[in-house]
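Fit chain R to the given chain E structure using the hints.
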Amino acid sequence: MKELFILGVVTVFTLVTYYLVEPFAHHTLHKHVESEAFAYNDLSAITKVGDAARGEELVMGAGACTGCHSINAVGISAPMDAVSSAAAYGVNPPDLSNAGVVYDEKFLNALIKNPAHALAVEHKFDANIGEMHPMIPFYGAGGDIDQEVADMVTYLQSISVSSEDLTPAMAFENACGRCHGLKYNQWTQIGNKGSFKHKRDELSFDIQVLDYKDSLKAYMGKLPPDLSMYIRSRGEHYISTFVENPQNYFEGTSMPRVGVSADTAEKVIEYLKDAGDTKRDEREETGKYVMIYIIIFAIFSVLWKKQVWRDLH
Amino acid sequence: MANFTKATSIYDWLNQRLAIEKVEKVLGSEYWIPKNINFLWAMGMILVVTFVLLLVSGIFLLMYYQPNVDTAFDSVNFTIMREVGYGWLWRHVHGVAASVVFLIIYIHMFTGIYYGSYKKGREMIWISGMLLFVAFSAEAFSGYMLPWGQMSYWAGMVITNLFAGGSLHADGLVEWIRGDYVPAQAFLTRFFMLHVLLVPLAIIGLIGLHFGALRIPHVNNLDGEEIDFEAESKKYLAGDKAGSKVIRFSNDFMSKDMMVVGFYLVFFFYLVFYHYGFAMDPVNFDPADGLKTPAHIYPEWYFLWSYEILRPFSTDIGLMAFAFSQVIFVALPFLDRSPNAVPASRRGLFKYWFWAMLIDMIALTAMGKLPPEGAFSTIGFVAAVAFIGLWIALPIITYFEKKV
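Line order of the protein sequences matches chains E and R.
Counting from 3, one number per residue, gives the positions in the first sequence under my numbering.
Counting from -3, one number per residue, gives the positions in the second sequence under my numbering.
So that you can see chain E by itself, here it is in the shape it has in the complex (with noise of 0.2 angstroms):
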């Protein structure tokens, strides 16, 4: 029939635009990185069975991670509020209660011993001109370095929730909520803005923030983005393999490698859709209805049309 053949040509022409103007051009345009699945292949295999009560005793030793670091499930707080922190440091050093969980285990067993290499920001800081890390790397307790490190992972991991009782906004604040702000969940570098009684203390609580971030900007070169639309700019895929390595995509970026396990990533990206696509569910569940209600007006359509050309013919 002549009129389903030109359909078909307008049909044609069409797919042929689209296609070229976006899945070719998007192919073009954009590098495109496979996922690694978050095996971090660069880093060396565990060799070592760790133990957790020899783990403790080295987290909590002078001069180790408690120097810097906070442990609030076991009661131990940071040294410094996160403002004097992110100046001392740069950023904030993490809350280590649940980094057994939060990062893979091969990439915090690399991280405690070499952490600029680890967090593939060698490019940045390199002991030999004189650019140290912040985190001081652990030179060993005077025993296998190997076995001391396994030990310590191992207690972290014997502190942290389980994984499934990490939630999105856990890992999200975690993995990447001190170097991001997220403004549509009321997420800042500090911790949730929450509401204010008193304009005063609100502005207080600004302030912080601003200095916080004026000391991040210092580190890092620029103010790293906030992440509120990330899911729509960015989209899935893009956002998984670059936590996965920010190398892979901005060789000399200063954003280091973060170091999460697979299933914190998945949460991450869990956490940006519930702020950057929040009705995502609203949109599928109501897709349905609008489907299946335009579906009847196209055949009551049709309908119309032979009962009316019956004569015409």
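Hints were generated in silico from the structure; no laboratory data involved.
It is possible that part of the hints are untrue.
[Unchecked claim] Label pairs and their in silico Cβ distance ranges:
(1) E/E38 with R/V323: 50 to 58 angstroms
(2) R/G162 with E/A90: 50 to 58 angstroms
(3) R/L205 with E/F26: 34 to 42 angstroms
(4) E/F26 with R/M316: 27 to 35 angstroms
(5) E/L6 with R/S163: 50 to 58 angstroms
(6) E/T288 with R/Y177: 43 to 51 angstroms
(7) E/G10 with R/P213: 29 to 37 angstroms
(8) R/T289 with E/A90: 31 to 39 angstroms
[Stated by the list, open to error] What the simulated footprint calls covered on chain R by chain E, stretch by stretch (three residues with Cβ under 8 angstroms from a Cβ of chain E suffice, anywhere in the stretch; the number is not a length):
(9) 26 to 36
(10) 236 to 247
(11) 259 to 270
(12) 355 to 367
In this text, a Cβ means the ideal position worked out from N, Cα and C, and glycines have one as well.
Leaving out everything else, chain R in the frame of chain E:
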């Protein structure tokens, strides 16, 4: 003063005052349309439906949108997308309709070109249609500024820069258009005004003109046949509906229109719910930042062909080629020298001209988005030259066309 009698019904009361019976005949039941048409003749109705969707969704968005450089981005992405009940739906309908309306406009245009519907008294239909195209382009561009994302800002920067006229350096004109040295508050507020008031008014006026221009020459048909509408409508009214070459606008033509609209809406709402990404550029979900130029700046797909005519040349020649491409379609009825008002397939060389123009514009569209490097740059250049060449060739090939 007319003679009013006591009304026998509400209908009669209204009829005495508004002549609704006559109006209904003129606009509907005795507005005669050729029977020999296909689904492409329903594009006008699809455009009306899409325009209404844009208008209604736009009204809802307008209730929450804030034309302020500090709050515009959040009023769209936070307030409308998260806080307002079904705000996301209105936005996606508005965004998708704004893109799809151009697809339908292009189909409508190329239908007109193919069937010669711009000739023999139908010149004003074509010209008013092209004015509508310009108005819709202005509407699309001004609307694209409003979310105040990165692409809004930088597209605003690039497009307003065109008015400097290259070597003319009319920087004063650019500043006058922007109301500032760079796109800022004055720029956003005036494009907001253009988008929600002045351009929609122009569009509504032009739609009236476009419909009015149809009355005297009547709608074209599949064979470009000159129909005696007077005689054929008498035949229809006498009861020979099957033998008459014309049909009523309503409900005969309308029912066919609505059938096509029904199919179209299935396609449209599929896009709204499940495939909206093409109409909402990801880059525009980054807030405007005058200190950070995006890696690639490109317009929405429907402007790509004219963008690509601008790009492959040096500044001044590019601007001239661009200006040429913007106005040349209006002159189509006068550049086509052939007296034949029949489908392109029966028109000698014009048949090839039509398909070459269509393919050339698709090539330009594709190259307009790709980075101007290597083969893309060459194809873009060739396609841009071919576009100009085709228009120069048009009067010549149609002048020598044999009368059918």
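Consistency of the hints with the structure:
For the hinted restraint 50 to 58 angstroms between E/E38 and R/V323, the CB-CB distance of approximately 53 angstroms keeps it satisfied. Here the CB-CB span from R/G162 to E/A90 is close to 54 angstroms, well matched to the stated 50 to 58 angstroms. Evaluation of the 34 to 42 angstroms hint for R/L205 and E/F26 yields a pass: the beta carbon distance comes to about 39 angstroms. Judged by the Cβ atoms, the range 27 to 35 angstroms given for E/F26 and R/M316 holds: they are separated by roughly 30 angstroms.
In this structure, E/L6 and R/S163 meet the distance hint of 50 to 58 angstroms, their C-beta atoms being roughly 52 angstroms apart. Hint check: E/T288 to R/Y177, Cβ distance near 44 angstroms, so the stated range 43 to 51 angstroms holds. Distance hint check for E/G10 and R/P213: the Cβ-Cβ separation is about 30 angstroms, which falls inside the suggested range of 29 to 37 angstroms. Separation of R/T289 from E/A90 is about 35 angstroms and conforms to the stated range, judged on CB atoms against 31 to 39 angstroms.
By the rule of at least three residues with a Cβ nearer than 8 angstroms to a Cβ of chain E, the coverage given for the region 26 to 36 of chain R holds, with 4 such residues. Counting residues of the region 236 to 247 of chain R whose C-beta lies closer than 8 angstroms to any C-beta of chain E gives 4; at least three are required, and the coverage claim holds. With a threshold of 8 angstroms between beta carbons, the proposed coverage of the region 259 to 270 of chain R by chain E holds, since 8 of its residues qualify and at least three are required. Counting residues of the region 355 to 367 of chain R whose C-beta lies closer than 8 angstroms to any C-beta of chain E gives 6; at least three are required, and the coverage claim holds.
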